[in-house]
Amino acid sequence: MSISSDVLNEPQDRDAIIRMDDVSVTYDSGDSYVLDDVSLAIERNEIIGIVGESGSGKSMLASSLLDAVPDPGQLSGSVEYRPVQDQNVEVLALEDSELRALRWEEISMVFQGAMSSFNPTMKIKEHFIETLEAHNAPVETGLNRAHELLEDLYLKPGRVLGSYPHELSGGMQQRALIALSLVLEPDVLVMDEPTAALDLLMQQSILLLLRELREKYDLTMVFITHDLPLVASLADRLAVMYAFELVELGPASEVINTPTHPYTRALLNATPNLNAPLSEMRPVKGKSPAPINVPSGCSYHPRCPLDTEECRTNHPPADPVTPEHTAACFHWEEARTEISLNYAETGTNDGDWR
Amino acid sequence: MRMNSYYLKRTVRAVLTVWIVITITFGMIRLLPGGPLEQLRGKLLRQGVSPSRVNAMIESYQNVQPNQSILEQYYEYMTALLTGDLGQSFLQKEPVTAIIGDALPWTVFVMVMSTLLIFVIAIGWGALMAYWEGSTFDLVSSSASILFAAVPFYVLGIVLIIVFGYQLELLPTGHRLSPTVEPGLSLLFVLDAIDHAILPITSMVLTGAGLQVLAMRGNAIQVLGSDFVRVARLRGLSDRRISVRYVARNAILPMYTGFLTLIGFNLGGSIILEEVFSYPGIGYYMFQALEARDYPLMMGIFLIITVALVMAVYIADLTYGLIDPRVKSGDSREAY
Ligand code: SF4
Chain A
0 MSISSDVLNE
10 PQDRDAIIRM
20 DDVSVTYDSG
30 DSYVLDDVSL
40 AIERNEIIGI
50 VGESGSGKSM
60 LASSLLDAVP
70 DPGQLSGSVE
80 YRPVQDQNVE
90 VLALEDSELR
100 ALRWEEISMV
110 FQGAMSSFNP
120 TMKIKEHFIE
130 TLEAHNAPVE
140 TGLNRAHELL
150 EDLYLKPGRV
160 LGSYPHELSG
170 GMQQRALIAL
180 SLVLEPDVLV
190 MDEPTAALDL
200 LMQQSILLLL
210 RELREKYDLT
220 MVFITHDLPL
230 VASLADRLAV
240 MYAFELVELG
250 PASEVINTPT
260 HPYTRALLNA
270 TPNLNAPLSE
280 MRPVKGKSPA
290 PINVPSGCSY
300 HPRCPLDTEE
310 CRTNHPPADP
320 VTPEHTAACF
330 HWEEARTEIS
340 LNYAETGTND
350 GDWR
Chain B
0 MRMNSYYLKR
10 TVRAVLTVWI
20 VITITFGMIR
30 LLPGGPLEQL
40 RGKLLRQGVS
50 PSRVNAMIES
60 YQNVQPNQSI
70 LEQYYEYMTA
80 LLTGDLGQSF
90 LQKEPVTAII
100 GDALPWTVFV
110 MVMSTLLIFV
120 IAIGWGALMA
130 YWEGSTFDLV
140 SSSASILFAA
150 VPFYVLGIVL
160 IIVFGYQLEL
170 LPTGHRLSPT
180 VEPGLSLLFV
190 LDAIDHAILP
200 ITSMVLTGAG
210 LQVLAMRGNA
220 IQVLGSDFVR
230 VARLRGLSDR
240 RISVRYVARN
250 AILPMYTGFL
260 TLIGFNLGGS
270 IILEEVFSYP
280 GIGYYMFQAL
290 EARDYPLMMG
300 IFLIITVALV
310 MAVYIADLTY
320 GLIDPRVKSG
330 DSREAY
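Protein chains in written order, with numbering that gives the first Met the number 0: chain A, 0 to 353; chain B, 0 to 335.
Because the hints were derived from the structure by calculation, they are not lab data. None of the values given here were measured: they were computed from a predicted structure. Think of the CB as a built atom: it goes at the ideal place given N, C-alpha and C, for glycine as much as any other residue. One or more hints might be untrue.
[Claimed, not checked] Footprint (simulated), chain A over chain B, 3 or more residues, beta carbon under 8 Å:
no.	segment
1	201–210
2	243–255
[Stated by the list, open to error] What follows is a set of in silico ranges between Cβ atoms, one per label pair, in the way DEER data are often shown:
no.	chain 1	residue 1	chain 2	residue 2	range
3	B	A291	A	H165	20 to 30 Å
4	A	H165	B	E93	50 to 60 Å
5	A	E214	B	L321	25 to 35 Å
6	B	V243	A	G161	48 to 58 Å
7	A	H165	B	V243	50 to 60 Å
8	A	E147	B	Y6	36 to 46 Å
9	B	A149	A	D27	29 to 39 Å
10	A	N292	B	Y6	33 to 43 Å
11	B	R12	A	G161	49 to 59 Å
12	A	P316	B	I145	13 to 23 Å
13	A	E214	B	I145	44 to 54 Å
14	A	G169	B	L321	25 to 35 Å
15	A	H165	B	P178	38 to 48 Å
16	B	E168	A	D27	50 to 60 Å
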């Protein structure tokens, strides 16, 4: 796969559909951060992969896009949604009824574990109908769209709609859930580990389907996962999270082939790939921090082989590596030479890592 | 195919259970040395009743001809049962079926009402506690539930009789009707019947609801925290729809089987309850029969209670698949 170059070649001020500014989520009246000052512009019609270990805050990032952070989390900062280029909606300032309309009609979400996303005592069809009714959408046309979506996802619409959730396999439920999330024609689809419970083959086929859906319905997709290789083949851009912050962001091929942040490099070395023998795999040393105990300065410094005094006291800002690629590290240039990768670093956009 | 074999299995098991109980009661009366009929025979003979008359009496009590073989007796006993003949009560000089026929509706009334109320309270209260999990209301309710569940219903019954019956003189202390009221389709009869049933029902409900309230609370909390409720909220469904179709439905389902079996078990509990309240239902007569060694009556009521329990479980098994789509063949959800 190659990166869709039109996205990359756009001018600096790209067309963002969602813009997060300094978004934080705190618990215990501000004592513990589960999302720390994240700023990110999600571009129209891109697929952005957000990668991080479990507990890195990536699910919080997903929830905050819909102002749906689980209680009693406190969400602060700004999430701007731009349905068209120069129209701004501040998501975090919306009234309840406006929020209801935003969710699912504009920005939709698929959680991990489709198995538990359906009411076990209702047929799939009822889920579609009640969603359409709740949003005052015409049920007839909505169901027609549901049929089309299910067919796009290679399901038999009649059979799926007439089934109870438990009568469908995991992969079928997952696809039915994706169809349900798209039934109100949203612009953005946020997926939080959507394939985590599925086997490898099913994961791959769902990713293929997602690409087709993106083309057909002009979707913007936010794909959240711990599985870097999985999303690498799907996403246009990758954002790497560590300890509730974004540490690296860039075009997928650059992040994979010329990773820059020491954590990203360690993460890639810990990931199986075709060009490195298994013996070369090294787990990331140490443990990622808990929300109450995030280290000062660069939160990665206790695990970083390159840490200096500066790292321990100052917080590294996102530094541009290339115009489209940033890394939050003081010493990213050293990192590229000091931390070797267990696969060939190509420096081009066309690495065969994937 | 699977479904049919499931229903067949359940039916066979229910019939088999009843048959075994009947056989055991038959055996208990007849086969145990020094069993009740032997005692009765001895007593009558000692009283100077002629042996042929003794035999005739025993025969009429239990449809038994003592000179027949055990198998013949068993056959006679079973056919008598199947035609609805449970023998003659020693004590009341009446057919056992007549006594049960008179008493059973009252017991069923009290117990079904109690069980229904228990579940209505449990579902409503438990759901509220779950919604306000961790609040003072939740805390106080939880403690109260445990406290009431720890009190035996007969103790509470006695307390209620003393307070509301004797001290405040608000409610009758016993009996199912006032002496002046005749059963019939009159408002007076209905009100009087309810008046007499209030205290027994209250003592069953207050002591029985606690555990069910806590069970409902637990179920509802689990459902409230489930992914499908979170997704339903994100899909913009109304709170009303979420509480009814999502939370209530999924939290109540697991309680259905318990509800039916509790009715069955409560029928057994009527023995003590009705004695405390001098409420002439089957439990009351069971107690009398036990005291007076009135074996035919005892066995008759025992059979009725057993059959009721077996039926409750049987109905629960057969109908659960209808209300929970996940259980089509019932293999994972059997009442017992
Ligand atoms: S800022 Fe310092 S500690 Fe943090 S990743 Fe870069 S080199 Fe390591």
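How the hints compare with the structure:
Counting residues of the segment 201–210 of chain B whose CB falls under 8 Å from any CB of chain A gives 0; the rule of at least 3 is not met. Taking a C-beta to C-beta cut-off of 8 Å, the segment 243–255 of chain B contributes 5 residues in contact with chain A, enough for the three needed, and the coverage statement holds. A hinted range of 20 to 30 Å for the beta carbons of A291(B) and H165(A) is inconsistent with their spacing of about 56 Å. A hinted range of 50 to 60 Å for the beta carbons of H165(A) and E93(B) is consistent with their spacing of about 54 Å.
Against the hinted window of 25 to 35 Å, the Cβ-Cβ separation of E214(A) and L321(B) comes to about 45 Å, which falls outside the hint. Between V243(B) and G161(A) the Cβ separation comes to about 23 Å, which falls outside the hinted range of 48 to 58 Å. A C-beta distance of roughly 21 Å is found between H165(A) and V243(B), which places it outside the suggested range of 50 to 60 Å. A beta carbon spacing of about 41 Å between E147(A) and Y6(B) agrees with the range 36 to 46 Å that was offered as a hint.
For the pair A149(B) and D27(A), the supplied restraint of 29 to 39 Å holds, since their beta-carbon distance comes to about 36 Å. Taken as a hint, the range 33 to 43 Å is violated for the pair N292(A) and Y6(B), whose Cβ atoms sit roughly 59 Å apart. The given range of 49 to 59 Å is broken by R12(B) and G161(A), whose C-beta atoms sit roughly 33 Å from each other. Hint check: P316(A) to I145(B), Cβ distance near 56 Å, so the stated range 13 to 23 Å is violated.
Distance hint check: the CB atoms of E214(A) and I145(B) are about 59 Å apart, inconsistent with the given range 44 to 54 Å. The hinted window of 25 to 35 Å between G169(A) and L321(B) holds, with their beta carbons roughly 27 Å apart. The supplied range of 38 to 48 Å is broken by H165(A) and P178(B), whose beta-carbon atoms lie about 58 Å from each other. For E168(B) and D27(A), the Cβ-Cβ distance of about 57 Å falls inside the hinted range of 50 to 60 Å, so the restraint holds.
Checked against the numbered hints listed earlier, the structure breaks hints 1, 3, 5, 6, 7, 10, 11, 12, 13 and 15; every other hint is satisfied.
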